[in-house]
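Asker: Residue-level listing of the chains:
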Amino acid sequence: MLIADEFFLIAHNDTRGKAKLHPAAAGLGLAGGLLGELILYGHITVTSGQVTVIDRRPPADALAHTVLDQLIGEAQHQAVRTWLSFLAQTAVTSVGERLARAGVLRRQENRRLLRTTVTYLPIDLNVAAWPATRLRAVLERSEPPSVPDALLLGLIAAAGLTREVLWSAGPRAHHRLNLIIPALPAPLKELVAHTESAVGAAVLRGIP
Amino acid sequence: MSSTATTERPSNVSEALARGRLGVPSVVFFVLSAAAPLTVVAGVVTTGYGVIGVLGIPLAFLAVAAVLALFSAGYVAMARRMANAGAFYAYVTRGLGRPAGVGTAWVALIAYNALQVGLYGAIGAAAEPVLDRLFGIQPQWWIVALVAWALVGVLGLLRVDINGMVLAVLLCAEIAVIVVFDLAQLGNPAGGSVSFAAFSPDNFFVPGVGAVLVLAILGFVGFEASVVFSEESKDPKRTVPMATYLSVAIIAVVYALSSWSMTVAVGPDRIVEEAGAQSVGLIFNLAGAHLGDTVLTIGQALFLTSVLAAMISFHNTTARYTFALGRERVLPAVFGRTSPMTGAPQAASLAQSGLGLVVILLYAVNGWDPVLQLFFWLGTSGGFGVLLMIATTAVAIITYFARSGEQETLWRRLIAPGIAAIALTAIIVLAVQNFANLLGVEPDSPLRWLFPAVYPVAALLGALWGVALRRNRPDTYARIGLGAESATAVAPPSGTDPVSTGAEVRR
Numbered sequence: 001m002l003i004a005d006e007f008f009l010i011a012h013n014d015t016r017g018k019a020k021l022h023p024a025a026a027g028l029g030l031a032g033g034l035l036g037e038l039i040l041y042g043h044i045t046v047t048s049g050q051v052t053v054i055d056r057r058p059p060a061d062a063l064a065h066t067v068l069d070q071l072i073g074e075a076q077h078q079a080v081r082t083w084l085s086f087l088a089q090t091a092v093t094s095v096g097e098r099l100a101r102a103g104v105l106r107r108q109e110n111r112r113l114l115r116t117t118v119t120y121l122p123i124d125l126n127v128a129a130w131p132a133t134r135l136r137a138v139l140e141r142s143e144p145p146s147v148p149d150a151l152l153l154g155l156i157a158a159a160g161l162t163r164e165v166l167w168s169a170g171p172r173a174h175h176r177l178n179l180i181i182p183a184l185p186a187p188l189k190e191l192v193a194h195t196e197s198a199v200g201a202a203v204l205r206g207i208p
Numbered sequence: 209m210s211s212t213a214t215t216e217r218p219s220n221v222s223e224a225l226a227r228g229r230l231g232v233p234s235v236v237f238f239v240l241s242a243a244a245p246l247t248v249v250a251g252v253v254t255t256g257y258g259v260i261g262v263l264g265i266p267l268a269f270l271a272v273a274a275v276l277a278l279f280s281a282g283y284v285a286m287a288r289r290m291a292n293a294g295a296f297y298a299y300v301t302r303g304l305g306r307p308a309g310v311g312t313a314w315v316a317l318i319a320y321n322a323l324q325v326g327l328y329g330a331i332g333a334a335a336e337p338v339l340d341r342l343f344g345i346q347p348q349w350w351i352v353a354l355v356a357w358a359l360v361g362v363l364g365l366l367r368v369d370i371n372g373m374v375l376a377v378l379l380c381a382e383i384a385v386i387v388v389f390d391l392a393q394l395g396n397p398a399g400g401s402v403s404f405a406a407f408s409p410d411n412f413f414v415p416g417v418g419a420v421l422v423l424a425i426l427g428f429v430g431f432e433a434s435v436v437f438s439e440e441s442k443d444p445k446r447t448v449p450m451a452t453y454l455s456v457a458i459i460a461v462v463y464a465l466s467s468w469s470m471t472v473a474v475g476p477d478r479i480v481e482e483a484g485a486q487s488v489g490l491i492f493n494l495a496g497a498h499l500g501d502t503v504l505t506i507g508q509a510l511f512l513t514s515v516l517a518a519m520i521s522f523h524n525t526t527a528r529y530t531f532a533l534g535r536e537r538v539l540p541a542v543f544g545r546t547s548p549m550t551g552a553p554q555a556a557s558l559a560q561s562g563l564g565l566v567v568i569l570l571y572a573v574n575g576w577d578p579v580l581q582l583f584f585w586l587g588t589s590g591g592f593g594v595l596l597m598i599a600t601t602a603v604a605i606i607t608y609f610a611r612s613g614e615q616e617t618l619w620r621r622l623i624a625p626g627i628a629a630i631a632l633t634a635i636i637v638l639a640v641q642n643f644a645n646l647l648g649v650e651p652d653s654p655l656r657w658l659f660p661a662v663y664p665v666a667a668l669l670g671a672l673w674g675v676a677l678r679r680n681r682p683d684t685y686a687r688i689g690l691g692a693e694s695a696t697a698v699a700p701p702s703g704t705d706p707v708s709t710g711a712e713v714r715r
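For the record, the sequence lines run as chains A and B. Mapped onto this note's numbering, the consecutive letters of the first sequence carry residue numbers 1 to 208. Mapped onto this note's numbering, the consecutive letters of the second sequence carry residue numbers 209 to 715.
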């Protein structure tokens, strides 16, 4: 499963598809996941706060393709923080739709008075709960996690979701988590740091 | 043909990000609602006349507005170049070094906490007439304060920043009521003629002038928040400066007019005595006599909502300050965490509420006077702390521009902050001399030294803590002053100076 998909399922780890994370952090965490996918595929890289496209060939995934097209089409915007803010605005919907296309979630519209809200309900609860379970297991093992798992853990920590994932884990898992993020490859480490900064800045602004 | 090729295509990214951007009115509303005008006019000014006994309060508001406008010229210019622009200690860090920055952060924590907790002393007096009218009950002040405390604590944890629209409506209503009160007071002058004695320099340059200047600074606290929106504003170079100057100007006019009209209605010779006797009831008693019961009731209800809004606003400010310091690891990291569901800075909010509870209980058990000894003493002491921070920041602005060599006009980088720094230092000297007047205690009371001495002690301890961090935890030391951006400070593994990235990258 892709990084942003797993982040989505962890942030909405609930039978009714309700968010466990406030909207600003959820959007920014997912945006970090989308950029992280492109870094992992080798399409872009991040250095000194700037995003650079290094491979313009279209990625297999449709959403990753769209994001890469946007990055190529608006080359005047390079700051990671700009792209995080931009992608965060639509990330919940776009990743939710991707999971719906993959048959993991079911889109449901709720009409309440004048507003229509969209929630994404898990089709199979076990599938939806799997990423969180898997990450806990990763942290309990002694060998270091794979790079994608380490990135996902980094984004989880950056968005302030650590306790959701580690609620039952021992101090050893917490300690291991603190070692995983500094060991990430440089572009991913920087992406995680910018995501954490952006989430903190949203809290300081106080406007949800 | 070539002209079509070079036409800039509209950018989806710029448009999408610009949609939520704030204009001048939004920023002004945000700043003014935190300033809570009716709390200042009905609470601070009346108590100030009674305690300090100086007639020149209106002139003090105008003088302080002029100084703050000068200060703002450099302040908004530096804010554009800053990470964590909402916090004075970030400026001091960049201008005067990290140990000074930590010292300022300690001062800020004390000052903002004092301002917030002090408001619990005013809520009882504000609620009394409303509760009497609605339910015919007259509860003890501390019962009201505890109810307000619980409300503030819960809202802080749920991160229910009161809806901007509600705040804007309340603010407009507050200002409308203040203006109606003022006009009624001016229309019913004592002795039949309108006196301008309150604007006379003879009534300003008297012993106690330092005290009224601190009182005036207290009225402006909140103006510094405009720069938080540097990045979210439509045009950072124009929106934030305009909003800052406008806020200062509006506050100055409203407060000067109101404090003057009180002296007109009561009479310049009797204002001190009457304000001392009636305290926060003064302008409502005047309004009741001039305007009748309906307007009076509206005014009293708005005073209550004004104090509540100010409490919530200062609670959130303080919690965010603590959160920023937790993110930097200057305070324990737990303060830098948020509740996942709401995004509220949980630990920081709880800590602030805890302090509030202790203070309310302390005053209730000892039977100390809530309006004078809690609201006025802590409020003015908090105002004094903010004064110290503004003065230090003015110096930091000058050194920052001198050291970084950034392009900026001479006026903004040197002259305006220079004049402001000199004026603010003069106000500090006068304030320390007049601290007994400010508190309304005997000149030989130990309290007149205790209150102002808290700040230099805190600043010194903070600076020492900063020096200790440099030796023991260089990672944390590098993050000082960056607030939420500090996560980025340690990110790049190789090459560039790790200290500068967080802020410099975004220039």
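Bear in mind the hints are in silico, worked out from the structure with no lab data behind them. In this text, a Cβ means the ideal position worked out from N, Cα and C, and glycines have one as well. Incorrect hints may have been included.
[Unchecked claim] One side of the interface only, derived from the structure: several residues of chain A facing chain B at Cβ under 8 Å:
1. 75
2. 76
3. 77
4. 89
5. 93
6. 108
7. 183
8. 193
9. 204
Asker: None of the hints should be skipped; say for each whether it holds.
Answerer: Consistency of the hints with the structure:
1. About 10 Å separates the beta-carbon of residue 75(A) from the nearest beta-carbon of chain B, more than 8 Å, and the hint is not met.
2. With a least beta-carbon distance of about 7 Å to chain B, the hint placing residue 76(A) at the interface is held under the 8 Å criterion.
3. Annotation: residue 77(A) was flagged as interfacial toward chain B, and the flag holds, the nearest CB pair being 5 Å apart, inside 8 Å.
4. Interface hint status for residue 89(A): upheld, as the beta-carbon distance to the closest one in chain B is roughly 6 Å, under 8 Å.
5. Hint on residue 93(A) is violated. Least Cβ distance to chain B is approximately 13 Å, over the 8 Å limit.
6. The interface hint given for residue 108(A) is violated, since its Cβ lies 21 Å from the closest Cβ of chain B, which is over the 8 Å cut-off.
7. The beta carbon of residue 183(A) is not positioned within 8 Å of any beta carbon in chain B (closest approach about 10 Å), and the interface hint is therefore violated.
8. Hint on residue 193(A) holds. Least Cβ distance to chain B is approximately 4 Å, under the 8 Å limit.
9. The criterion of a C-beta within 8 Å of any C-beta in chain B is met by residue 204(A), whose closest approach is roughly 5 Å, and the hint holds.
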